[in-house]
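Student: Could you put together the complete structure from these sequences and hints?
Chains as they are written, first to last, in my numbering: chain C, 42 to 525; chain P, 49 to 1155.
By construction, these hints were calculated from the structure, which means they are not laboratory data. For each residue, glycine too, the CB sits at the ideal point set by N, CA and C. The reader is advised that the hints may include incorrect statements.
To be verified - The following label-pair restraints were derived from C-beta to C-beta distances: (1) C:Ala-482 / P:Asp-455: 55 to 65 Å; (2) P:Pro-975 / C:Ala-296: 48 to 58 Å; (3) P:Leu-606 / C:Ala-169: 57 to 67 Å; (4) C:Gln-165 / P:Gln-1030: 39 to 49 Å; (5) C:Ile-127 / P:Ala-708: 26 to 36 Å; (6) C:Lys-65 / P:Tyr-574: 51 to 61 Å; (7) C:Lys-65 / P:Asn-523: 37 to 47 Å; (8) C:His-460 / P:Asp-696: 54 to 64 Å.
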Amino acid sequence: MSFISRSICPILFLLLLALGGCKKYLDVPLPVNVIASESVFGNDQTCAAALNSVYFNLVNQGYFAGTTSTTFDLGLYGDEMTNYGININFKALYVDAVGPTAGGVTTFWTSFYSQLYGVNQAIQGIQANNALTYKNQWLGEAYFLRGLLYFYLTSLYGDVPIVLTPDYLTNNSLARNPQADVYKQIITDLKQAQSLLSDQYHDNNGAVTTDRGRPNRMAATALLARTYLYTKDWTDAEVQADSVIADNTDYQLPALNTVFLMKSPEIIWGLTPTGSLLYPYQVTDALIFSPAPGTQPGATSGYAVTMSDSLKNTFEPGDLRYTNWVYIDTVPASGSTPQAIYYFPHKYQAKGTFSAPQESIVMFRLAEQYLIRAEARAQLNKLSGSDGAIGDINTVRTRAGLAPTTATLQNDVLSAIQHERRVELFCEEGHRFLDLRRTGALDALMTTLVPLKGGAAWVSTMAYWPIPVTDIQNDPSLKQTPGY
Amino acid sequence: MLLLCLCVSATVSAQEINLSAKNESLEKVFGQLEKQSGYTFFYKIELIRTLPKVSVDIKHASLIKALELALKDQPTLSWSIVKKTVVISPRAETAPASTPNNKSTLIMVTGRVVDRDGQGIPNVSISLKGAQYAWKTNPDGAFTSMIMDDPRSQGKALTLVFSSIGYASKEVPLTGKEQKLIITLREQVNTLDEVQMTAYSNTSKRFNVGDITTVNADEIARNPVPNVLQALEGRVPGMQIQTQTGEANGSFHVQIRSVNTLSAGAYNPQFLNTGGQPLYIVDGVEYPADGLLPEPNGVTGHSFNLYGNALNFLDPSQFESINILKGPDATALYGSRGAFGVILITTKKAKAGNPRFSLNVVHGFSNLSSHPKLMNTQEYLQMRHEAFANNNATPGASDYDLNGTWDTTKNTDWEHYFLGGHAPTTRFNASYSGGTANSSYLISANYSSIGNIQFSKGAVKAGGMNFSMNTSTINRQLTFGLTGSYSTNVDNMSPVDFSNSAGVTAAPDAPDLVLPTGKLNWNIPYANPLQALFILFKNTTNTLVSNANLTWMPVKGLSFILSGGYSLISAKEFDATPIEYFNPATFNTSQTISLIKWYTIRTLSFDPRVQYDKILFGNGHLQAIVGTTLRDKLQETSAIQGNGIANDELLLSPANATQANRADVYTTLPTRYTGPFASINFRWADKYIVELNGRHDGDSRFGPGHQFGNFWSVAGGWIISEESWFKPVTKVVDFLKIKGSVGHTGANSLSPYQYISTYSLNSNSYEGGIGLSASNLANPYLHWETDKNSEIGVNIGFLKEAINIEGIFYFNHMGDQLTSQPLSGITGFSSFFYNTPAKIYTHGLELTIFTHNIRKKNFTWDTKINFTAPRSKLTAYPGVNSLVSNANYIIGKPITGIKLYKYAGVDPTTGVYNFINAAGTKGEFTPILSPTQLDPIKDKTEFIDMAPKYYGGILNSFTLGNFSMDFLVSITNKNGPNYEGQESFPMGVEIQNFPADYAAKRWRKKGDITTVPKATTNFLAFLDQNNFINSTGAYTNATYARLQNLSLSYRFAPRLVHKMHLSGLTVYVAGQNLLTISKYGDLDPENMLPNAMPPLRIYTGGINVNF
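Tutor: Here it is in structure tokens:
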């Protein structure tokens, strides 16, 4: 060995050994499929992406369309649907025998709080970044989404914990807040959203679009109107609904067969369906409520549920909503089984594989705002005239091809509004059940209905659903919904 | 008396000699000349020791010239060169062969010393009995000796003694004047001197102060199995291996010592843990056999080989030895990576010697080993009718098995139909090796094919090559070694395991699955299980493992070593469901799926180190190693899925689907690890041993400030039998060592990057925009689990080492347990990772007894017994039992257990399960329906631990002449879930068959005392069954003894073999998993799974030829 190798080699070795203690060596890039949370709210595109994920989950986890949706679950639980299926969740819901492990009713809770984590992260992240071009849009959307999620959480579970930050250690010890506080929070968030959002619709690049898949100021207003209605703040409900209706260039009542189509002028905000690999862009409701002609509803999970007789019978003769939004399937007699006729909600009709969305999962539409304004005005005893409830009722009835309402007294007008809500908003995100409950009509109706559906006795605590047992175990301050 | 032994070697051209010595002994001068010339010097040491020292100055001389110069002042010596040997002899006694002295006769003996495979053994010492001197065989085992028969020994036979470390010595009497001998030495490793591999060096059982078990190539080769883990089952104390499935390329459950971490999640012996797994090192580089392969086996949701194991891709024939390292001393140099044990795999290396070619061919078959015998049609129908009678019901329209839809005279043994095949197995490997002392090589190739015992298509075919080369400079200052292995495993077996209910437990009167037309019968109320045969499936896994090693030894004892390794597993799996897979009545084009997945796991490691060996003060032996490890691991996965491809040919590529029907994934998982280390081993007088190991570990899976940890171990050993005062008892106890070690390491069994909150881009796209969603909750405080380890051990050898016993007790405290802490859903997540202050204490006994029962010339019998009793208990867990996730934990009990209701048999009056609640009340407690019900927390009064209480193996080896036989019996004592405990419905509810012996015990009428409930058709019986599944009735003692391996071989006698121009020939038969004795019941007690094939029984025959 030469002199060089004799002296160089050991030095080289020492250098190599020194490498081992080097901290820099451990600076490894994160996996390519993840990015650190701090960088998520760094630019407009990623802010939109973080919110996209929330919209996607609201669509794809099936909470607003399909067999695990508010439509389906509240429809079965209340008086809108009849179950023929053997699915144990369908059965439990139909006979009003849900529990923390029965009926699948706790999944809304878990999913909505999981979305809230994303929304709270977004609010924190977007607020901190002043370099965003569409900061107000993204922040407004996030506040709107928080309001929306709390609206459905409190609608389903009553008192719920208000979680406003992503700090999981603090959140894990929160208790339920009274429903009134939840409504206050919703109103605060929606007012924030109103102040941040514009009247135009924006796409995920922040550009103005005619597509109504992301909320604008009117979406926040519509939800605010609904929230005031639920809190019996009639004056504010009227103001908010009125401001939506006043924007008659953007929002109109089109023909019934186009109400749920994408870009329908009635839609204030709707979720754009993503569909599945098998059925791209399809709204799941279109699939589950339209069996092949002549199929007996039953065993398979999808076509097992029909409209209830009471709902079907509520339609007045000549109601175009019945002809446009109800699918009638006649199953011919076979053997000893006589012919039978089944009625399915048919608001969503586009079934199959599409290359672009055809229908929107409509979350807020103008007709509801007319009915909110009508109810608010009726409660304020503004019945007739240009700012009267009757006018609003008739606007909705006229589109349905019906004669003006005959109600004139306040109570009759209020009943007429409830009737109108029932047939206008049937099988849409559980409006009927929530209306029954907020108007105090629930217990009376369910006490008679539940035994007829094959269930045990109705108890008024059953108006709200139970939450997951593990959540109560993991957060000792959290209590189960009363009655479960 | 004089023995001349001349090693036969090829002549080498003259060397240039440079030697400058002043006042050096002749011994040293000869030593230098030997080193420089490559010639062997041959002399009596006494002859030259007394001679005066010499001074020489030789430059650019030939050997002859150098010898002349060196010996010019030595009148008493003469020299001669014979072949490559320099013979130094006293001038007076110089006796050329032609001139016998004192009527002495000269006997010339030539020959070769070979092992039982016919391979030459180098460096065998040959001596004449009664004489002092010994000579050695050349690298090929050959020797030539010239013996001068002294007149004084007239009348006595001359005897040559052949001896070598690792072989039984042999005495050969000389008979004629000239002899040609072939001497076969039988391997006989003194167990104490068996080489054991340590982290960066090696040791022997004698001096090892840690816990290492070595399994060598011979033992591995006796097992006709594709995965080396199967060959280790039952052979290693402190390591439990459980085959999870009989499917080829299946997975294994490996546990070293006791389960001591919560990071692996809830313990279940039936399923694989991804945490708490040992580290696998193949030739110095990490090999990812410690977790599931990143391959979920396709779109059809089948996990037929239960996620596989990376060792399936390395042919066991290429392994030289496997060392299992346990405990603080042995694993300390692996730092945190070795916290759960280390499995060190060494492949066969190049060895010097004449070129030799070895060929091994095995053929055989495997079939189903244990299987429940199910009811035949008559018994089955009787049970179903009884079920209806019990419920006062009559068969309805969907009871096809009873209502006349199916032919009730038909009787199909579905198990035989689906799993009754004999799967052919072929293995083949060939190797070629040889070389000189300075340069040697090995190349080998292997091929194997494993069929399927199922009614199925396809096979697993694997093949590969590996090589090893070593080269060094003449003076051996610089040596370089390179090893590499590349193999391909192609699995195109139908991805299905029919062991589940859709196949095997169908009603025995169910209709044929294939119509006479050859088409599948779709007119059955369930999906035709044979549809799986139409799945297009092919998994190709390529594996490369390579290692390079450069050693520079500038002065004796000091080595600088650079070693680097690279391992790469890359796999592609194609999985598609064509039109034929689906029921044509409900088929929709969009149902077809085509999926291709790729993954690679690449590990690079680099271990530069300096090693220093020095003899100190005559009696001390010091070995010090200082080095560092850098490891970089990257896992990548990608996939393309396409749906709705209507044409079967287009289905071969998922990219043929339309854009909207396609989904792609690409993920990476990079991790890095670094750690400088130091190790000092000091041995004094071969009596006292002290070893210190230390390591500074850094791991990228933790966040800033928590990445580094310092870990260490201290070990000591005392070989008492070396003490002079012990001598009186050495006749009985000839070896006694006590050893002990303590260590502190860390463990890090959690998925990386939990310290940082991340968002992942996923398919959550909305209106054409990408979606990012939070993927985890961050815990920046995550840090190492702390592992305080200690062990004490003893090695005793009795009666000339006829009995060797090694016993080790280990104790371990594991704290700061990394575990996932459940959270309330209102946080948005269900859990996050954190270091819980929970503590687990584990301890246990490992015992190995090795006895040479009989050691006769033609008959030997050895027994090796290993025994392990692992214990563990949870010593602290704040908030235990407050959550579902820790409901089964009890302070003071193992974490491997489960809390259960107390099962009280079947109610003699109702035929329904009875349980006893916490209050001691006996009842049915049917959920929902009964007035009182069992509380899932309070009423679970019983506790059953599922970890083995003890396990071990007994290996007996016999040789009789040229025959040898080995058999290994493994024994495991444990509890496990039984067949009925894994059924969701009791008998009768579904159209499903049950084991006949179980069904025969069912309750039939009032007063029957039994443990099997009545047959029922009531759907709600699942409620009772659910209580049963959570009761002691669902668990049974699964203790079993298994004839794990039996091998019988015959080696043809060397003389006969040589006549055939071979150097060795062996034929053998071997069997695996031949017999199981257990009271466990209907399932296999090893995998305990009703829906996965049990480990198969394998029979093979083979031939091994050496040229």
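Student: Which hint numbers does the structure go against, in order from smallest to largest?
Tutor: none
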